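Chemist: Those protein sequences? They're chains A and B, same order as listed.
Every number in this note's numbering is 21 more than the matching position in the first sequence, counting from 1.
Every number in this note's numbering is 14 more than the matching position in the second sequence, counting from 1.
If you're looking for bench data, these hints aren't it; they were derived computationally from the structure.
Be careful, since some hints might not be right.
Which bits of chain B does chain A cover? Going by a derived footprint, with three or more residues having C-beta under 8 Å, they are [to be verified]:
1. 50 to 59
2. 62 to 73
3. 89 to 95
4. 101 to 109
From a predicted model like this one, the values you see are computed outputs, not experimental measurements.
Quick reminder that beta carbons are idealized off the backbone N, C-alpha and C, glycines included.
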Amino acid sequence: MSTTTIPQAAAPPQVKTRVPLPPKLRAPGWYRAALFSVLGLGFAVGITVLIRWLQHQHPVVDGSAITIVGLFSAPLGFLVGIGTCDYWLHWAAGRPTRPEDHSGHGAHSWRDYFRVNTDHKVIGIQYTVTSFFFLFVGGLLAMLIRAQLAKPGMQFLTEEQYNGVFSVHATVLIFLFVIPVFAGLANFVLPLMIGAPDMAFPRLNALSYWLLPLGGVIMLMSFLAPGGSFASGWTAYAPLSTTMPVGQLFFSIGVQFAGFSSIFTALNFLVTIITMRAPGMSFFRMPLLVWANFSTSLLVVIATPFIAASQFFILLDSSLHFHFFDAFVGDHNNGNVIMYQHVFWFYSHPAVYIMMLPGFGIISEIIAVKSRKPIFGYRMMAFSLVAIVVLGFTVWAHHMFVSGMSPWIRIPMMVTTAVIAVPTGIKIFSWLATLWRGVLHLDTPMLFALGFLTMFTLGGISGVMLAMIPFDIHVSQTYFIVAHIHYVLFGGSLFTIFAGVYYWFPKMTGRMLDDRLGKWHFWMTFIFFNLTFAPMHLIGIQGMPRRVAEYASKFAAWNLFISISAFILGASILIFLYNVVASWRYGPRASANPWRALTLEWQVSSPPPVFNFDAVPTVVGGPYEYGVPGAVHGIFKAPEETRVAAGFTTPPSQQRHE
Amino acid sequence: MEAAAVTHAEHHGPPPAHRSSRVEAPVLGMLLFIISEVMIFGAFFTAYFFIRVVTHDPWPAHGTKLPEAVAGVNTAILLSSSLTIHWALTSIKNGNRFGLKAGMASTFLLGLTFLFVQINEYVHIGFAPHDTAQGTIFYSLTGLHGAHVIIGLGALLIVTIRSFRGHYSPEHHQGMEVPGIYWHFVDAMWIVVYTTVYVL
C-alpha cells in the first residue's frame, strides 16, 4: 500500500526540481518516520539554541530545554512520517488525495498492523495488542516492586529507583493499558454492534492509535534520563514534581500524547454512536457496551483536558519558572499548591470511571449471553451509567482529605462519594438478578465476569469505607489504599478486560481460544490475586506506608507471603500469553456466532468482512432477548423486505411515534 | 491473522453508513471538541480562581497595570471577525463568491491584527510570567487563548486560500463552516478571558 505511485495527472506542474529522495523515504512508513523523528529532534536543538542565543543565555546548548521541545517535536515528526497526516496534508495543500491514505482497510498480513490503517478492526487489534505489551511491561515492574519488598531493609533498588519503578508501574498501567485497551476492544466491537461500516472519522481513529505508543515510549524512555525516571508517583504532586530531575518531564509530556489519544477516540465514539446507528437502533436498543462507551467518552471529553492542563502547569513551573504552585514569591504574591491536586483529581477521579465503565459494558454483554436471559433492568443499567458520569464529577476532593484544603469541603465530598455507590450498586444487583435462575455457561469469559462481580464488589466496599473521613485519615498513604486500588483496577478492570478478550477473541481473529487453558488462567489469577492483595488490607490498617522502599520488620511475614503470591500471579499471565499466541496461530476456526449471541457483531463472519456488513442491518428489537421465543434483534435484509418480514406495513417514519 | 481477506480494489473507503441523526458528523465532532477546549480553559481558570479568590492575591500585582482600553479595542477587532466570517458563510450559501472571499480575507486579517496587538502588549506590559503568580496567570490565560488564535488562523488561512482557488459552493461548504465554528469559539472564549483578566 505504501509503494503506490502518486497520481500526477491533476497535480500542478512543478516549477522547481526537487532533490530526489529514495522512494522509501518519500512514502509513508517506518523509514520516513525515522527520518522525520530525527528532523524533529534537529528542530528541537535548532530552536532552543537559537532562542537561548538570542536571549544571551549560557550555555546556549541546554540539555533539558532540548529534551522538552524534542519530546514534542520528535514524536510529531514520527506521526507525520509514518503517514497519519498524509491525507490531511494533501487535502489542505489542495493536492489530489491518494486512495490509500483514506481507505487502507483490512489487513492482509501481520505487516499491515505496523502501518497506518484506517480500518476500525485493524486499529482495534493494534490498540489491544499494544496495550497488552504495556501490561507486560507494567507487570514486570510490579515484580520488581515485590522483589524489593520481599524482606525488610533495602534490597537491590535504591530509594530513588524504587520511587521511579512504582511511578512508572502505575502510569504505564493506567494510561497505556487500562484506558486504551478498553478503547481498543470498543474500537473493534462498537461499530459492528451499532451496524456501522466503520467509525465516523477513520483517519482520526488511526491518529489516535499512533499517539498512544508514542506516549508509552516517552514514559519508558524516562528510565534513560539523567537523574532517573519520574519518581513522584502517577499523581505527580507539585511542588515535588516541579523540583524533580528532567525525568519528570517525560511523564508530563507522555501524558499529553496519551491524553490526546483518549480525547480523539472519545470524540470518534460519540459521533459514531450518535450519527451512525443502523435503522431501528434507538438509544434504548443499543447494547450496554455501546451505552458504556458513550458514557465513558463523555467523561473523557470533559475531564481529560484537566490533566493536560495540570501537566502544562508542571512543565511551565519547572522549565520556565512560572509560579502556579510556588507558595512564596515576592511579598504577598502566592501561587497555590493545593490547586494542583484539585485540577489533577478533577480529571483523575472521573478517570477511575473511564477505567471502569467500559468494563461494566463488557460484563453486561457476557452475563446476558452466558446466562441466556435478558439483562435485568436494561434502562436502569443505562441510566446508572449516566448517573455515574454526572456524579463522577462531584467527588474528586475525596482524594484530598489530608491535603490541607478547607475542612468543610470534605463533608459534601464524603456524601457524594457514598451516593455514587448507589448507581454502581444498581448495576451489581442487576447483574445478580440477570444471573438468577439463568442457564449459566461457566466457560472462561463467564468465569472472569463472575470473578469481576465478586472482586469489584469487595473493592467497592473498601471504597465506601474510604469515603468516610475518619477512616480515610487513618489509612491515608497506607497499603489499604494499595489494596483498594488493586481490587478495583485489577479485580475490577483487568478481569473485565480478560473477560472481553476471551469473549471477542473468536470474532477478532477467527480462532477459538483454548477454554481449558483459559480456566487454568482464571483460577490461578483469581486465587493468587486474592492472596496478593487481600493481606494488604491488614498491613495497611496496621500502618504500613505505601510508596516506601523498606518497612518495619513486623510486616516481614505478610510481605514475603504477598511477594510469593505476586510472583505466581505474574506467572499466570504466561498461560494467557501462550493461549493467545498458540490459538491465534493454530486454534480451531471460530464459527460466526460461537456464543449464540444476538448482538449484531456476532451476525457477521468471524473475522468480519472488510466493511462489516454487505447491507446495513435493520434493528427490530432489544439486544438481550435471550430465552424470549421469537425475539429478533437485527435483520440482515434490504430495508423493504425487513419491514415486511417483521410484520410492519406502515412506513418507518410513522412507526417511530407509535 | 488473515483478517478480512476480501479486497475491494476499485472501492475506496467504507460504504456510507445509515444516518441516525440530522447533525452532520464533522459539525458534531467540532462541537464535542469545543467541549474539551472549554474544559482546558476551565482548568486554567481554576488556577486563576485559586490565585485570585482562594489566596486573595491583589489583582493585578502591586506596581503593575493591565491595558484595559487597548485590550478592549482588540476585543472589538476580534469580535468583528466573527461577523465577517458569518458574512462569508451566508455569502457562499447564497452563491456569492465575492462575499466569501472578502469575508474570509477580512476575517483572517482581523485575527492577525488581534494577534499582533496581543504580542505588542506582551512586549510593553512591563512584567514577566516568572515575576509573580499573577503574571503567571495573566500570561497563561492570554497565552492559551493566543495559541488557539494561532491554530484558528492556520485553519482560516487554508479556508481563505481555498476560497480564492474557487472551492466551496452553496451545496458544499462544510470545509469552511466547521473551522468557522471553531473561530466563533475562539472569539467567545476571548470575551470570558477579557472579562475575567482585564475588566473584573
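Chemist: Each hint should be assessed against the structure and marked as holding or not.
Modeler: Hint check:
For the stretch 50 to 59 of chain B, the stated coverage by chain A holds: 7 residues have a C-beta nearer than 8 Å to a C-beta of that chain, and at least 3 were required. Only residues whose C-beta sits within less than 8 Å of a C-beta in chain A count toward coverage, and the stretch 62 to 73 of chain B has 6 of them, enough to reach three; the restraint holds. With 0 residues carrying a beta carbon less than 8 Å from a beta carbon of chain A, the stretch 89 to 95 of chain B misses the three-residue requirement, and the given coverage is violated. Under a criterion of three residues with beta carbons nearer than 8 Å to beta carbons of chain A, the stated coverage of the stretch 101 to 109 of chain B fails, only 0 such residues being counted.
Going through the hint list in order, the structure does not satisfy hints 3, 4.
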